[in-house]
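Visitor: All chains should be modelled from the sequences, with the hints used to inform the complete structure.
Below are the chains, spelled out letter by letter.
Number of protein chains: 2
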Amino acid sequence: MRSYDLIPIIKNALLAMFEHFETYLQANADFTKEELKQICAAATARKLRRRQFILQEGEICRFKIFVSSGLLKTARIKEDGTEYIMRFTAENTWTTDRESLENQTPSKLNIEALEDTELVLFTRAAAHELWQTIPTFRALSDKLIVNHLDASQERIFMNISYTSEEKYHSFITTYPDLFNRVPLHMVASYLGVSRETLSRIRHAQLKQ
Amino acid sequence: MRSYDLIPIIKNALLAMFEHFETYLQANADFTKEELKQICAAATARKLRRRQFILQEGEICRFKIFVSSGLLKTARIKEDGTEYIMRFTAENTWTTDRESLENQTPSKLNIEALEDTELVLFTRAAAHELWQTIPTFRALSDKLIVNHLDASQERIFMNISYTSEEKYHSFITTYPDLFNRVPLHMVASYLGVSRETLSRIRHAQLKQ
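Read top to bottom, the protein sequences are chains S and G.
Numbers 1 to 208, taken from the working numbering, label the letters of the first sequence in order.
Numbers 1 to 208, taken from the working numbering, label the letters of the second sequence in order.
Take these hints with a grain of salt, some might be off.
Calculated lysine-lysine pairs in the BS3-like style (CA-CA distance at most 25 Å, straight line) [to be verified]:
1. K108/S with K47/S
2. K108/S with K47/G
3. K37/G with K47/G
4. K108/G with K78/G
5. K143/S with K108/G
6. K108/S with K78/S
7. K33/G with K143/G
8. K37/S with K47/S
9. K143/S with K143/G
Just so you know, these hints were derived from the structure itself, not from any lab.
Guide: Laid out in structure tokens, this is it:
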């Protein structure tokens, strides 16, 4: 059942969010029309304003989250209070705290909107139900998990082997669009490079 | 079909490797006796001497690899020729190059024995066949993938947020046994910390 009551939202905008999500699903797997209808019926739509959270540390993560438009930041706070950015999630990509969602344990993560953002959400129960009834949806979820694993392995290699300059260069060539939407100190936090170092690298590059 | 011809190996030692693997399987999922027999029949056993490779960069990865005894190092070479260690795989754990194995693409990884090592191997075809016929084996594989993903996320957080001292401390407390089996320069490579820095940290710690 779609939930229309989370925040006031006009029906047309809501429909647009689901249409966008359906387009994504059709582009990424062979779903029947009936399956698409079933998947969307199991989801809820939600809008976040910039700086609103969909998950905060200590809560149990409630949703698998698809971003229809906008941008989310997933971050984790170190014991000393410093925030480190685990990932950015832009249009047509997914995020969640898998561990918290599946094991129903308190999350270590904060997921916050960096822009006004439109989401399509699946509860754990809804996702598991769809996996049972729609093998293609299960296969798509499995593909997302192994893609995330492969990307994580690449990022670990970058983390341990790249110089700060190489990390910066890799980020701006891999995510040119994101680089223009995110403040430099957040890029530094994502890369594990100090803000000062990244400013210096950027300044040197702009001078060239 | 078990392959007995890879290197000369006495039959008793081979049986011991499979017995060890069966014990692992029984401890980690509810397999029937028939399923255990079927899984082991689909595998091959292999021994590696220290410094032998089971996968080299440029090859297409052929196996899902279970370590019965011994220790493997999975490494990737940066363009400048420096080796970085992606993971260590000790007894009762698995490794492979998932991307290369599933997509049949050339691997970027080298997997090498750091000690005399005993392996149980599954080809891609054998693994896929088992996934189809034994749902519990599929569930175990899925569990290994999400465990690897969760561990990768933890490692990324460590990579971007920990000081060199914290990385060293985390390694020796998380893997005390491994720390005694692996030379310090390999620990440095795994952590993404320079050999000199790690020596200095260790020296300071030993002095305390």
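Visitor: Hints first: check each against the structure and report whether it holds.
Guide: Hints versus structure:
no.: 1; hint: K108/S with K47/S; verdict: holds (23 Å)
no.: 2; hint: K108/S with K47/G; verdict: violated (41 Å)
no.: 3; hint: K37/G with K47/G; verdict: holds (21 Å)
no.: 4; hint: K108/G with K78/G; verdict: holds (10 Å)
no.: 5; hint: K143/S with K108/G; verdict: holds (21 Å)
no.: 6; hint: K108/S with K78/S; verdict: holds (10 Å)
no.: 7; hint: K33/G with K143/G; verdict: holds (21 Å)
no.: 8; hint: K37/S with K47/S; verdict: holds (21 Å)
no.: 9; hint: K143/S with K143/G; verdict: holds (14 Å)
Checked against the numbered hints listed earlier, the structure breaks hint 2 alone; every other hint is satisfied.
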